[in-house]
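Enquirer: In case you want the letters, here they are:
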Amino acid sequence: MLTNRLIACFDIRNGMVTKAHKFQDNIDILPAEKMARLMYEDRIDEIIFYDITASAEKRKIDLETVKNVAREIFVPFTVGGGIRSLADMYEVLKAGAEKISIDSMAVRNPELIRKGADAFGTQCIVLSMQVKKVPSTEKIPSGYEVYIDGARVATGMDALQWAVKGESLGAGEIVVNSIDNDGTHSGYDLEITRMISNAVKIPVVASGGAGHPSHLIDVFTKTGASAAIISSMLYSPRMPRNYTVRELKDELIAAGISMRPWELS
Amino acid sequence: MLGVINYKAGNSTSVLNALDKIGCDAALVESKEELSECSGIILPGVGSADATMQSLRDLDMVDLLTEMVLVRKTPFLGICVGLQVLFDTSEEGHIECLGWLGGKVVRFDDKAVRVPQIGWNRVSFRRDSQLLDGLKEGYFYFVNSYYAIPEDESIVLGTTEYGVEFCSVLEYGNIRAAQCHLEKSGETGLRILRNFAALSGSLK
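Protein chains in written order, with my numbering: chain A, 1 to 265; chain B, 1 to 204.
Source of the hints: derived by calculation from the structure; they are not laboratory data.
Where hints are given, some of them may not hold.
[Claimed, not checked] Coverage of chain B stretches by chain A, computed from C-beta distances (three or more under 8 Å per stretch; other residues unrestricted): (1) 12 to 25; (2) 136 to 142.
[Said to hold, decoys possible] In silico BS3-like links for lysine-lysine, alpha-carbon gap of 27 Å or less: (3) K58(A) with K139(A); (4) K111(B) with K222(A); (5) K94(A) with K32(B).
Ideal placement from N, C-alpha and C gives every residue a C-beta, glycine not left out.
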């Protein structure tokens with residue numbers, strides 16, 4: 001049986017893992033490679049790393065940090081932020097990442113998904129989307145709109161339609177990040193996660209809002225998501241408490257969710 | 001020295017990082033000259049069987065690789081697509097594969113399961129092997145749309161369930177291969193890489 005995945009997500013700024021609230025007020029926590037090492041040793045299933053200022057500062061991704069992290073962890077590693085071209089993708093993969101996450105750039109240039117999938121395989125291309133609940137209209141029938149540029153700019157695009165288009169262009173996985181729930185620690189947006197999960201065949205990764213193990217149980221039992229992104233609950237000093245990967249895995253397995261056990265055979 | 005065949009669509013960096021971690025004497029190889037000096041060979045793979053075979057041809061390595069593995073019995077480990085190209089043909093592509101092992105490579109049924117399979121799945125081992133020293137079973141990271149069906153069942157070392165029970169680890173003499181990404185499967189994957197490094201005499 002394929003198990004559900006827990007993915008630790010780091011926002012990186014100047015080589016440091018940083019934590020924002022509603023996309024603002026960052027505080028730095030630890031150097032990226034040190035945090036990655038801690039998570040790897042606690043047997044996280046996968047790691048995603050976003051170079052959060054690369055896009056806004058119109059610079060390339062911080063390849064040195066990618067290399068340093070890749071030397072520390074032996075689980076899948078996805079990198080996003082500031083990736084505009086096939087050449088950028090190749091550099092990031094060569095630095096030791098397995099997968100590339102594209103977000104705003106994919107909206108501006110959907111062909112980037114197809115080109116990346118043709119060059120490196122669909123399994124390399126993760127389409128990340130920032131979605132926000134809006135009134136349902138003819139143009140946005142799902143009631144969820146895609147935002148870009150750090151969730152600041154509305155695109156007028158329907159989230160469900162964009163996910164389906166992303167799959168047809170060659171995305172290998174889709175990360176659905178709820179702007180409304182991000183930073184609230186009140187649980188994932190189960191509705192859009194379920195809608196997208198039902199509409200595509202590729203794995204869907206739920207993101208935004210996790211603060212308690214029950215949120216993970218909800219997302220894995222109610223939406224069809226294959227994986228869930230967690231960050232604050234692992235390491236944010238703003239949370240009332242943090243959880244180890246081991247605690248989360250034990251709790252999920254006790255709830256009957258299929259996970260890679262923390263204990264090795 | 002353990003040689004990791006380096007080709008553009010592959011993920012050789014990840015494999016080399018993992019080998020460095022376990023204290024293995026390893027290097028990327030990109031030419032016949034470099035390949036001929038290796039005491040063990042790893043063929044990593046991501047992407048498609050066609051792309052992998054085309055890259056091996058572009059590097060002009062196919063004949064030497066076949067001679068080293070089939071005649072000189074150099075220890076060989078294929079990973080992911082590096083397992084699939086050992087067979088005659090793959091449903092995925094049109095290029096002739098290495099054909100060292102009899103059997104075929106077929107696609108998962110996408111009416112039954114999400115394709116590709118992406119994530120951690122369990123490998124159950126059928127028999128003992130030096131490759132599996134220290135492991136009884138384990139969870140490994142998979143990314144695959146296709147799987148191999150060897151003609152000779154006795155080469156199957158490990159199996160995994162994904163809609164069907166498929167061959168996820170195999171061993172035929174000096175030829176060994178895993179469908180999962182050993183370099184991305186945490187400590188259990190590193191253990192198998194270390195076992196392979198040991199049996200090819202490449203541990204520092």
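Enquirer: Now tell me if each hint is right for this structure.
Expert: Each hint, compared with the structure:
Here the stretch 12 to 25 of chain B counts 6 residues with a CB under 8 Å from a CB of chain A, which clears the bar of 3, and the coverage holds. Here the stretch 136 to 142 of chain B counts 6 residues with a CB under 8 Å from a CB of chain A, which clears the bar of 3, and the coverage holds. The hinted pair formed by K58(A) and K139(A) fails the criterion: a straight-line CA distance of about 31 Å is larger than 27 Å. A distance of roughly 21 Å separates the Cα atoms of K111(B) and K222(A); the hinted pair therefore holds under the 27 Å criterion.
Simply put, K94(A) and K32(B) have alpha-carbon atoms about 22 Å apart, close enough for the 27 Å limit, and the pair holds.
Hint compliance for this structure: hint 3 alone is broken.
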